[in-house]
Amino acid sequence: MAGALIRMATHPRSPATGLKGSRCSGCLVAVYPADDACPRCGGPADPAALSGAGTLWTWTVQRYAPKSPPYQAPPGGFEPFAVGYVELKEGVRVAAVLDVDDLDAVRIGMPLMVTAGRGVPRARPATLGEEGS
Amino acid sequence: MSTDVLICGAGRTSFGRSEASGRQLAVSAVNAALADAGIEWSRVRAAFGGSDSAGLADTLVSQLGLTGVPFVNVKNGCATGGSALISAVNAIRSGMADVVLAVGFDKHPRGAFDPRPEDWGLGEEYGTDGLMVTTQFFGMKIQRYMHDHGITPRTLALVAEKAYRNGAVTPDAWRRTPVSAAEILDSGMVSDPLTRYMFCSPGAGAAALVLCSPEVARTLDGPAVTLRSAAVRTRRFGSFEVFSPWIPGGELTSVSRDASAAAFEEAGIGPGDVDVCQLQDTESGAEVMHMAECGFCEDGEQERLIASGATEIGGALPVNTDGGCIANGEPIGASGLRQVYEVVQQLRGRAGERQVPGKPRVGFTHVYGAPGVSACTVLTC
Chain A
15 MAGALIRMAT HPRSPATGLK GSRCSGCLVA VYPADDACPR CGGPADPAAL
65 SGAGTLWTWT VQRYAPKSPP YQAPPGGFEP FAVGYVELKE GVRVAAVLDV
115 DDLDAVRIGM PLMVTAGRGV PRARPATLGE EGS
Chain B
7 MSTDVLICGA GRTSFGRSEA SGRQLAVSAV NAALADAGIE WSRVRAAFGG
57 SDSAGLADTL VSQLGLTGVP FVNVKNGCAT GGSALISAVN AIRSGMADVV
107 LAVGFDKHPR GAFDPRPEDW GLGEEYGTDG LMVTTQFFGM KIQRYMHDHG
157 ITPRTLALVA EKAYRNGAVT PDAWRRTPVS AAEILDSGMV SDPLTRYMFC
207 SPGAGAAALV LCSPEVARTL DGPAVTLRSA AVRTRRFGSF EVFSPWIPGG
257 ELTSVSRDAS AAAFEEAGIG PGDVDVCQLQ DTESGAEVMH MAECGFCEDG
307 EQERLIASGA TEIGGALPVN TDGGCIANGE PIGASGLRQV YEVVQQLRGR
357 AGERQVPGKP RVGFTHVYGA PGVSACTVLT C
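Each protein sequence line maps, in turn, to chains A and B.
Under the numbering used here, the first residue of the first sequence is numbered 15, with each subsequent residue one higher.
Under the numbering used here, the first residue of the second sequence is numbered 7, with each subsequent residue one higher.
If you are wondering where the hints come from, they were derived from the structure by calculation, not from laboratory data.
Everything numeric in this text was worked out from a predicted model, so none of it was measured.
Honestly, I wouldn't trust all of these hints.
[As the list claims (entries may be wrong)] So, partial list: chain B residues that the calculated Cβ filter (under 8 angstroms) puts toward chain A:
1. P123
2. T134
3. I253
4. P254
[As the list claims (entries may be wrong)] Partial selection, computed: residues in chain A whose CB lies under 10 angstroms from chain B:
5. K34
6. G40
7. V45
8. Y46
9. P53
10. W73
11. Q76
12. Y78
13. F95
14. Y99
15. V114
16. M124
17. R138
Where is the CB? At the ideal position from N, CA and C, for every residue including glycine.
Next comes chain B alone, as it looks inside the complex (with noise of 0.2 angstroms):
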């Protein structure tokens, strides 16, 4: 690829719930993650961010300062943060800019989303008959995956114990109390075979970081971390999504397949290279399923991959070091910038009590959201 671009700050507040509007923790992120880098807002040339219901970014400026700096508005379901990230890190391939901010903020009211029909082109009836329901696409699809597959309820179980062991050491998150695989079992069917504490939780947070040309980079103290690769794809036909009044027979397409190939050819690295990765685990089946699609393991080779620790931080691929959004929730605009930041920290060496062992070299994320649409990173230090 023409031009390097580098993360040379990273920021990112608590989550969970706040008295903080979604817009305040926002500027909180910004502020953090200007601080990260050593730069100030007036040198940064464009930005770019949004959230999925807590205001527009660009109103930020008015917190943040009246520079005069382009500032694009994002708003791309649960891909919003990685696509700011991908028009921040397009900027300054293009030449636009050589130092640009992407950040991805939310708050969300308790409770699951209540999608409206008519905005899914649905008829009324998908509503008034209870089908708007994010959780029964999430339960059915890794229901399908574990007849298929033969993955197990305990591993689902597995998958949220490490996630709220490691939100126990992750100071941001929002769960940090472990639990352990029997409470996880044992918490009350939510919509089968997935349980109440196997799912995160709509919450409040932000993220945001500061990229730029390594022109800028060699200006600065702190070590910065190289974005290798950045891709966003759209389902294509054939894939299984949420609020589907039907779906296609034959084999699954998978949006998260697409995207992740495209971000490994893009920068010439295998998921055999990587040291660590977050996959978006909006419930315990994602992340298993996300595994394989994202080209880590074969499908069906989780059950024994998780029950063996592989994906524990001391494990040979540390998956969602800093609990994921089952410890931190889910605020939708946020959670695809806290991974990148998480990657950060742990390419850097300093994620604290989480820190991958061995020095990590190599970081992936992956989120991936409604309607069918998945961004993916690769990073490198």
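So here's chain A without its partners, still in its complex pose (with noise of 0.2 angstroms):
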């Protein structure tokens, strides 16, 4: 955790705030969004910030548009888009929607840096300082 802060506050592409998770003090499985309770053994889970760099997992492309309610498009109107679970170095996958510029280009294990806003977690290819960090 350490490590994810301190690369958070020194790299400028960082974002603000980390993917707010949480991590069981027992049996070290981390989630995301944070829970009191770990999902495993029941026992208390503590916060914990993921750093956000991981691989793909798996993803789709979403082609036609959601029923709305509940889905709001975007002001553009629809427009199809990806989303996948990105497998975070702390072990676990975390859906997240993918901004890509090429929805053909998406791939299975493709460096994802994925950042929490004000909706879901959105991904996006990682740079080259982000990788395997």
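With the hints as a guide, dock the two chains, each given alone in a separate frame, to form the complex.
Put into structure tokens, the structure is as follows:
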């Protein structure tokens, strides 16, 4: 965790806030978003900032506009978008919208950086300095 | 197991779009099952049933007859039919009743399901940002599986092609027109790698079973099928399920693996003994993965098995002989009992044009659904 916090403070392109997950003190299972209890053993879980650096574990493309509500299309209207699970080095796979320029270039294993903002987590291709951090 | 349980009657309606209400369809299926068994409704001593979104099963008594029968509503997602069936089994084994009804029915509006994030313990952003979509999960699970085990898009197309071909010889199926693998691959991507014709559609339909004790079965004329086991499980830690904001790292666990293993163990029969099976095929990828999760092959073997015709009606392991969910559609509460209906017809030798040759003796059914629940049965004749 300390490493992640230091990198966030020193890397100008790092997100303002890390992924606020949690980690079980007993079995070391990390989850996102944070939860009070560990889903494996039921024991107490502590807040943990997740680094956000990882690789794409699986993905698909949402080709049609989801039903609305609840879906809210962006101001420019619906465009197909990629979603996937990014496997973080903490050992958790986090669901995220993939902010990629080319849907045809999405591949399992590609390095990504996940950030948390107002909506669901979003992942973008990692830059060289972020990979394997 | 203590007491044998037999299926002495099975009924279903046509599946698809219907003017009838879900409850009306349920009454039709129950009456068909009772007629099949040669048993009057007044002889039924307990009933279990449910739907996901078409009403309460216990209200069916106003059409079936107010006999005072104990009638328990079941609401267990895609396992609704399976859970009703297991409740019926336990009612017979416990001595509560000797003739028991299990019924499942549903009627869904056109288009994909639209669940609400708050019902799943998720923040509203998962809905507003477009992640509450079931087809995404199906696409992502098979995407990873194809990567790990060398399954190709053509195999996904062959699964759907078989479903429509089997639907064409199933009078009560919804999709009864054969579609070629090339058309399936070319039908438009929905959630990569799954195309439009690889998916089932939410629809309407009902299925019902009459179960009885061996003593009752001896008084009936028709051939009864023995329900050797029925098992329901929920997910363990480490499984990959729909609407998960995260999943654990490492190798995946599988609730279908757990439920099928429990059903086979209870029956004292292995996957290698099965002559005909019905596996949850929400889309092509699900059938492929469930073949391995239910113990019928190793991961990756599907690529060769499916291409060789092993899962066809005339193959070594016929899968989804009635066209499955892809050809019948998915009325959530009904699908699990539709599968059992189909195996009962196959084991009785009454499946008509889609009859598995060589007098099948052992059948298996498997349903799977959100949020990580599976129900399996083993049947013999």
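Checking against the hints above, which ones are violated? 5, 6, 15, 16 and 17
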